[in-house]
Amino acid sequence: MPLEDYEIVIGLEVHAELLTESKLFCGCSTKFGAEPNTHVCPVCLGLPGVLPVLNEKAVEYAVRAGLALNCEIASFSKFDRKNYFYPDLPKAYQISQYDLPLCRNGWVEIALPPADENSPARTKRIGIIRVHLEEEAGKSVHSSETIVGSEYSLEDYNRVGIPLIEIVSKPDIRSPQEARLYAESLRTILLYAGVSDCKMEEGSLRVDANISLRPRGATEFGTRTEIKNINSFRSIERALAYEAARQAQVLDEGGQVVQETRAWDELHGVTVAMRSKEEAQDYRYFPEPDLVPVVTSREWVEKIRASLPELPLARQERFQRQYGLPAYDAALLTETRDMADFFEEAARQWHDPKAVANWLMGDFTRLLKEHGLEVSQSRLRPGHLVGMLKLMEKGVISGKIAKTVFEEMFLSGQDAEQIVKDKGLVQIADTGELEGIIQRIIAANPQPAEDFRKGKEKALGFFVGQVMRETKGRANPALVNELLRKLLTAGQ
Amino acid sequence: MGDQERNPGAAAAAKEAAVPAEAPAAASRISAAEVEHVARLARLELSPEEKVRFTTQLNAILEAVDKLKALDTAQVEPTAYAVPMQNVFRPDQVRPSWPREKILQNAPEPQDGYFRVPRIMEEE
Ligand SMILES: [Zn+2]
Chain Y
1 MPLEDYEIVI
11 GLEVHAELLT
21 ESKLFCGCST
31 KFGAEPNTHV
41 CPVCLGLPGV
51 LPVLNEKAVE
61 YAVRAGLALN
71 CEIASFSKFD
81 RKNYFYPDLP
91 KAYQISQYDL
101 PLCRNGWVEI
111 ALPPADENSP
121 ARTKRIGIIR
131 VHLEEEAGKS
141 VHSSETIVGS
151 EYSLEDYNRV
161 GIPLIEIVSK
171 PDIRSPQEAR
181 LYAESLRTIL
191 LYAGVSDCKM
201 EEGSLRVDAN
211 ISLRPRGATE
221 FGTRTEIKNI
231 NSFRSIERAL
241 AYEAARQAQV
251 LDEGGQVVQE
261 TRAWDELHGV
271 TVAMRSKEEA
281 QDYRYFPEPD
291 LVPVVTSREW
301 VEKIRASLPE
311 LPLARQERFQ
321 RQYGLPAYDA
331 ALLTETRDMA
341 DFFEEAARQW
351 HDPKAVANWL
361 MGDFTRLLKE
371 HGLEVSQSRL
381 RPGHLVGMLK
391 LMEKGVISGK
401 IAKTVFEEMF
411 LSGQDAEQIV
421 KDKGLVQIAD
431 TGELEGIIQR
441 IIAANPQPAE
451 DFRKGKEKAL
461 GFFVGQVMRE
471 TKGRANPALV
481 NELLRKLLTA
491 GQ
Chain V
1 MGDQERNPGA
11 AAAAKEAAVP
21 AEAPAAASRI
31 SAAEVEHVAR
41 LARLELSPEE
51 KVRFTTQLNA
61 ILEAVDKLKA
71 LDTAQVEPTA
81 YAVPMQNVFR
91 PDQVRPSWPR
101 EKILQNAPEP
111 QDGYFRVPRI
121 MEEE
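In order, the protein sequence lines correspond to chains Y and V. Its first residue numbered 1, the first sequence is counted upward by one per residue in the working numbering. Its first residue numbered 1, the second sequence is counted upward by one per residue in the working numbering.
These aren't lab readings, by the way, just hints derived from the structure by calculation. Accuracy of the hints is not assured; some may be wrong.
Pairs of lysine-lysine residues, derived as DSS-like cross-links and limited to a Cα-Cα distance of at most 27 Å, are as follows [to be verified]:
#1 Y:K91 <-> V:K67
#2 Y:K31 <-> V:K102
#3 Y:K139 <-> V:K102
#4 Y:K31 <-> Y:K170
#5 Y:K91 <-> Y:K303
#6 Y:K486 <-> Y:K454
#7 Y:K423 <-> Y:K369
Hey, can you work out the whole structure from these sequences and the hints?
Below, the structure is given as structure tokens:
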């Protein structure tokens, strides 16, 4: 049967590195990009006789993340050893949390795209089973392109012991698109909460997905596969769409889905089996004897809750209410806290919030991307934008010139007035000066002038273009139109 | 992997342990196959004699543990820790790591500042 007749059931496991300065159980630095094995100590390696000591900030960040994800915070929590052999794990066990995680029973609300332009935005709640704290593994560099083809591998243990949270969702997700939206929402929330930088390309945010199919209306889950190696938000959707189609085909051919871990191959756009079921992991968890339990007090948790900023979805709704922005604009502007703050600071000083939003979503976003900058690194600040909008309103500069001024402000950090003065960008609103220019252009283009007189309105556009080119965009467009009509028909 | 399915071994072990205490003492609580499985997980290679010996020894240990079931623990809180301590933290401060030469000192095959390890996955 076609894929539409199956219900897709997805649950995500998201790992996010926390923004502490030092590792979870030792004082080694967590800084990214150091020379291999230079942020390593005996605790990282699990050499005999060492003892881990828990980083308090990591616990605070994990609780902060849990609260931002609407979780209950455990008053009593402990650590466990998860035992397995892999070269990126020098101790041969990972310190994690098994039966008593720090946070449980949360949820995230995702905004689904409206069915069409006129329908209201829809939201859906995705449940979160747990958020727990654990340590990161190392990084393997393989001697050839694939791990299977590699004669040997090189291990860098700098990343070992960096604090991670693992966020396990309920199987509430019903499409590859919802999975991407959920992961993007998580990222935005964690960024707002200030607990992780969530860079998928640097591996500080990783997404694994469980997916199964069942005939629509069925209540039992089908056999699931786990998809790993997803390396971008776009790949979440692609990998899951591929895997859903693959499972549907297996079922349609009368086969059975094998419960297994599969890796997403970005290059070929397929998932491939990694380990089969008989190799299923048996981690033999037991309580970590070198650490004592964590007991959180109500006061401490409430103090952390009080320090959380307004979260993305709430802010998005407020932007629509308070500034009258469309849902699309509000969603885009609240994607990062810095951009949302930038917008609010400018909108507070300007009577037309939609104009502010347009500049930020258009030219500002484009320039940031072109120069590889974050909002916080921009020399252009909200005051610059407001200054420029004032000049536009007064008619000192046209919308076209404003684009030049905006880019100049972005590059130099100078204010609009200074740039307009220095570059002579003041709009030509002097009728006499413009008339001279227009007469010259009409004289040089008798054919289009004739066309216009014969009623071909399009020819006017040609003349507007010529005038703008001649004046380098500094002519007031309304005035140009008015003068062109007057002078083109004057000879008749 | 979902949390529930994460630890099938533990679930199996729990079932095993739930065998009532009245069960005949001679019945093996752990089979030779399970000993082999655990040995494989721990990357231990056991000789046939060792398998027999460890199966017997592990069964003796499990029987000894079973004796504890005779105690009434209804009023006792489950405990994972022997010392009554909690919340031992360190502040989030970076301290110097070790020099790389020392870190790699015991590595059998250091290469370019890395630990070199043999083939991870066999070709199918
Ligand atoms: Zn260390």
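Requested in this report: Quickly compare the C-alpha distance for K31 of chain Y and K102 of chain V to 27 Å and report which way the hint goes.
Outcome: Within the cut-off at roughly 20 Å; holds.
Report task. Mind checking the alpha carbons of K91 of chain Y and K303 of chain Y for me, to see if they're no more than 27 Å apart? Result -> Roughly 36 Å separates the two Cα atoms, so the pair is violated.
Report task. Take the C-alpha atoms of K423 of chain Y and K369 of chain Y, compute the straight-line distance between them, and say whether it is at most 27 Å. Result -> holds, 26 Å
Query raised in the report: Does the structure keep K486 of chain Y and K454 of chain Y at a Cα separation of 27 Å or less?
Result: Satisfied, since the Cα-Cα distance of roughly 15 Å is no more than 27 Å.
Report task. Would you mind confirming whether the straight-line C-alpha gap from K139 of chain Y to K102 of chain V stays at or under 27 Å? Result -> holds, 19 Å
Requested in this report: For the pair we were handed, K31 of chain Y and K170 of chain Y, check the Cα-Cα distance against 27 Å.
Outcome: violated, 32 Å
Query raised in the report: Do the alpha carbons of K91 of chain Y and K67 of chain V lie within 27 Å of each other, as the hint requires?
Result: It is violated: about 34 Å lies between the C-alpha atoms, which goes past 27 Å.
Against the hints set out earlier in the document, violations occur for numbers 1, 4, 5.
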